[in-house]
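Q: Protein chains in written order, with UniProt numbering: chain Y, 1 to 558; chain B, 1 to 374.
Warning: the hint list may mix true and false statements.
As the list claims (entries may be wrong) - A short list of chain B residues far from chain Y (calculated; beta carbon distances all over 10 Å):
hint: 1; residue: Thr34
hint: 2; residue: Ala41
hint: 3; residue: Glu56
hint: 4; residue: Val61
hint: 5; residue: Glu113
hint: 6; residue: Ala117
hint: 7; residue: Met266
hint: 8; residue: Gln303
hint: 9; residue: Ile333
hint: 10; residue: Ile349
hint: 11; residue: Gln369
hint: 12; residue: Ser370
What the hints assert, rightly or not - Keeping only pairs whose Cα atoms sit at most 30 Å apart, straight-line, the calculated DSS-like set for lysine-lysine is:
hint: 13; chain 1: B; residue 1: Lys222; chain 2: Y; residue 2: Lys394
hint: 14; chain 1: B; residue 1: Lys176; chain 2: Y; residue 2: Lys394
hint: 15; chain 1: B; residue 1: Lys75; chain 2: Y; residue 2: Lys122
To be verified - Cβ pair distances, simulated, as ranges:
hint: 16; chain 1: B; residue 1: Met79; chain 2: Y; residue 2: Pro86; range: 26 to 34 Å
hint: 17; chain 1: Y; residue 1: Leu387; chain 2: B; residue 2: Ala329; range: 27 to 35 Å
hint: 18; chain 1: Y; residue 1: Arg389; chain 2: B; residue 2: Gly195; range: 39 to 47 Å
hint: 19; chain 1: B; residue 1: Glu200; chain 2: Y; residue 2: Asp328; range: 18 to 26 Å
hint: 20; chain 1: Y; residue 1: Gly291; chain 2: B; residue 2: Ala206; range: 17 to 25 Å
hint: 21; chain 1: B; residue 1: Ala206; chain 2: Y; residue 2: Gly148; range: 15 to 23 Å
hint: 22; chain 1: Y; residue 1: Glu318; chain 2: B; residue 2: Glu56; range: 54 to 62 Å
hint: 23; chain 1: Y; residue 1: Glu329; chain 2: B; residue 2: Ala206; range: 14 to 22 Å
hint: 24; chain 1: Y; residue 1: Glu318; chain 2: B; residue 2: Met79; range: 46 to 54 Å
hint: 25; chain 1: B; residue 1: Trp65; chain 2: Y; residue 2: Asp150; range: 37 to 45 Å
hint: 26; chain 1: B; residue 1: Asp126; chain 2: Y; residue 2: Trp383; range: 17 to 25 Å
hint: 27; chain 1: Y; residue 1: Asp252; chain 2: B; residue 2: Asp126; range: 48 to 56 Å
hint: 28; chain 1: B; residue 1: Asp261; chain 2: Y; residue 2: Asn365; range: 47 to 55 Å
In case anyone wonders, no lab produced these hints; they're calculated from the structure. Built from N, CA and C at the ideal position, the CB exists for glycine as well.
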Amino acid sequence: MTDATAGAGPNPQDAAAKAAEKPGPMLAADGTPLKKSLSRALRRQKLRALMLIAPLLIFVLVTFVAPIADMLFRSVENQIVSDTLPRTTAALDDWNADSGELPGEAVYEGLYYDMVIAEERKLHTRLGSRLNYEQTGLSSLFRQTGRGVDDIGEVYFDQFDDLNPAWDEAVTWAELMGEPNWVAEAKARAGNDESIPGFEMKDGIEDLLPRTAEMYGIFAEFTETEDEDSPIEEEPWEMVHVALYQDLVSQDVSGYDGAQADLLNEAKAAVGDFETIGFKDGFLEIEDDWGNHDIWATIKTYSPNYTNGYFLAAVDMEKTPDGPALRDENERIYGILFQRTMFMSLMITFSCILLGYPVAWLLANLPSRSANLLLILVLLPFWTSLLVRTSAWKVMLQQQGVINDVLVWLGLVADDARLVMINNQFGTIVAMTHILLPFMILPLYSVMQTIPPSYLRAAKSLGATNWTAFWRVYFPQSVPGIGAGSILVFILAIGYYITPEIVGGTTGTFISNRIAYHISSSLNWGLAAALGTILLAVVMALYWCYDKIVGIDNVKLG
Amino acid sequence: MKFSKTLMATTALTVAAGGMVFAEAHGNMANSMTLVSWGGAYQNSQQKAYVEPYLEMNPDVSATWDESSNEAVAKLRAMNEAGNVTWDLVDVVASDAIRLCDEGLAMEIDHDEILEAAPDGTDASDDFGDLIVSDCFIPQIVYSTTAAYRPDLLPEGAEAPSSICAMFDLETYPGKRTLERRPINNMEWALLCDGVAKDEIYDVLATEEGQQQALDKLDTIKDQTVWWSAAAEPPQLLADGEVVMGSSYNGRWFSAIEEQDQDFAMLWDAQVFDLDGWIIPADLPEDRLNRVLDFVRFATDTQRLADQAAYISYGPARKSSAPLVGEHAELGIAMGPHMPTAPENSENIFVYNYEFWADYRDDIDAKFQSWLAQ
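For reference, chain Y alone in the conformation it holds in the complex (with noise of 0.2 Å):
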């Protein structure tokens, strides 16, 4: 410890003759440890090397793998419900799906409040087609509640209205509700024309009237922010007075003395004598369907932030009160999907190393000239447009197409029973296969152009057969060939979604064509998300599997 804060540095003498004395570790030249300084120098040159290359994978990061990343993460998020109905949610805490009975007044009356401001941020109608994805209704249970749900405050509004016409004016909730400065100076401003200040809450009412003061915070800043007005030219809303109502009911009011006192303790002598309605009976009256245990149970089952609703759904489970369990036979769709996409895809890579592999061979030892030629034949389809392709499969192979009319010609095939090789898995087949092929051949071709031509020449010269000499001297080489080749086909075909989505008819679509489907139409992007998750799970897998395998140091482009 002295040395090291004693020395200004270390002297290289003293660290040599320190090494020759015993056996330690090996100094660099300034005496630290070789094996640190090493790493050092290692470590600031990989520093650089990142450097060098942070641009492109800072670039990388935000365009491709976050993007990625937040689609992915929507197979779990589940936030909507809590936010928008937090109070419903946090009720429900206390309610027993399994009872069998409805839940009590005070989901109801936190179902009330919520509504009421989901209504006002228009968020009602989202959450219900959310919600409709679980269970068929709830998208016009919550559009048509929307549109109801002033008619339980109207009930309290117009009794306080006819109690005292001073409760229908801004003015009089902003002199209850708002911090005494404030008012004055709103009221000043707002005479004049000029902007006014933000709310301010007046201290201590939150105690007195703590439903109310939370309700009309809600308003007020909704006021200001969204409508851009001020709560002391607006009336606040219907729920308010209810709020008011549920506050004079159960709290002591005798020892306010503010602004409005006398017009509260009026109304808190006549609360007593109000006509009320129960909440449930409220939202009953809106709609039956609030009395329906079953949809209760939905948004129960739904109101944590996180789900995994969606990967269930996406392998054909449902969330049920006894835990998760198989969709009814009817509905199952996702398993006979995943199947299929992966059978296809291998029928598809089988047939594009079937069809590539001599046009490969052909392409790398004919002479050049007539190589060069053979390479733009299989590069023309790649300057056609994918759908002309397509269509183009459509021509040929339709009953009415220029196969079956040429097999019809030749009598190999009756009129009336021509064959069935589009709208199905046959189509898909050929017509994907015809697409991919590019992408078996070029890298069989580039892996065979570097077999020299003489190993088949000295095979054959000490005696092989033809094919002796091609399957245990030319395949082999040529196989890192073929594993990069099925590679590219495999995993551009698991996800193709248009050849399928034109050609494919009823037995030959992929699992991509739902997830078009679900991103595109029904909008339901969390179970598409989930589709998607699984399908990249799927697709690690296997290249996990090929890496044991085959490994993939074998696999080579050229």
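Knowing the structure of chain Y, use the given hints to seat chain B on it.
A: Only chain B this time, still in chain Y's reference frame:
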């Protein structure tokens, strides 16, 4: 803090005031707009009937088309999440408009305020009537999904089909047919032809048994059906003789029959009316919104909607436009009889039940697709 709030409020006031002034003075309007539509003949009819006239009246303005109506809902949602909506006016079918409105992606509008009244002074909302199916939706046209067939491919001696149930009658009309690869319309037709009374169809379809009944009926023709996903496919399939009958949009049939001289016959029975119209994306900047409002007021007035019918056989959504519908712009044939709304075509019609399908779409679609895949 206070200062910035004051500043914001002042700006808001100024902008609002600017908006009010513009109504008379046409100030503060963007000079370009991006319109979203379907491409093809339909977009062409819009271009001819009101976009070109509008641009002639406003030489400074330029309009760009984006042919993305197919995936408008998904794209608009993505744009909205990214906080960068580049579209100014989007053409969508009514069911999509309802969903965009539900999602808060489309602007709610007061139809009487932003749309021109009819020439006789009728308010816009009365002129459009029931066709305003959502607070965000500005209807343009009524189209229908309906059937057509090849008379020359019918068996010898068979009567020409007069009912949609010919689609399910393999004995009288053998051969393949083509239907859309989705449950909407097909389920209704299946129940209708399975003996369910027309006014009970949606009650029946709301039950599990009813859905199964419809699928069972469709099952009888499943092997003989080619399922289409793009409306251009049925005319092609019929023209090639791949199928003997099929369903598509009436405008597609019209263009195949009249413009391309195909020998098809229309089967208007049980055609399903649907609507197409504009929505304005929510939260547009003030200047772009002003421009769009100005354009939409012009593009949906009585004369412009009637003009559109000269290019495509879709019925104008305004009642007051119907008497003004004239001849096809190039073929010179009267368009009246080709409209889905013409009396002789609309003896037996359905109207797309938006409310029902908003609720049941996910559920029934899952069953339908599962049935198709098996």
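Q: For the hint 18 to 26 Å, verify it against the beta carbon of B/Glu200 and that of Y/Asp328.
A: 25 Å, holds
Q: Would you say the C-beta atoms of B/Ala206 and Y/Gly148 sit inside 15 to 23 Å of each other?
A: This hint holds: roughly 21 Å between Cβ atoms.
Q: Kindly confirm whether 26 to 34 Å is satisfied by the beta carbon distance between B/Met79 and Y/Pro86.
A: Check passed, 28 Å falls within 26 to 34 Å.
Q: Should the label of B/Glu113 as a non-interface residue stand, given a Cβ cut-off of 10 Å to chain Y?
A: Consistent with the label, B/Glu113 stays out of reach of chain Y, its closest Cβ about 18 Å off (over 10 Å).
Q: So is B/Val61 really clear of chain Y, every C-beta pair being over 10 Å apart?
A: Nearest chain Y Cβ is 29 Å from B/Val61, so the label holds.
Q: Compute the least Cβ-Cβ separation between B/Glu56 and chain Y, then decide whether it is above 10 Å.
A: 35 Å, holds
Q: For the hint 27 to 35 Å, verify it against the beta carbon of Y/Leu387 and that of B/Ala329.
A: About 29 Å separates the Cβ atoms of Y/Leu387 and B/Ala329, which means 27 to 35 Å holds.
Q: Assess, step by step, whether the Cα of B/Lys75 is no farther than 30 Å from the Cα of Y/Lys122, and give holds or violated.
A: 20 Å, holds
Q: Regarding the pair B/Lys222 and Y/Lys394, is the alpha-carbon distance no greater than 30 Å?
A: 20 Å, holds
Q: So the hint says 54 to 62 Å: do the beta-carbon atoms of Y/Glu318 and B/Glu56 match that?
A: For B/Glu56 against Y/Glu318, whose Cβ atoms are near 57 Å apart, the range 54 to 62 Å holds.
Q: Holds or violated: 39 to 47 Å for the Cβ distance of Y/Arg389 and B/Gly195?
A: 46 Å, holds
Q: Quick check for students: does the CB of B/Gln369 sit more than 10 Å from each CB in chain Y?
A: 5 Å, violated
When each numbered hint is compared with the structure, violations occur for hints 11, 12, 24, 26.
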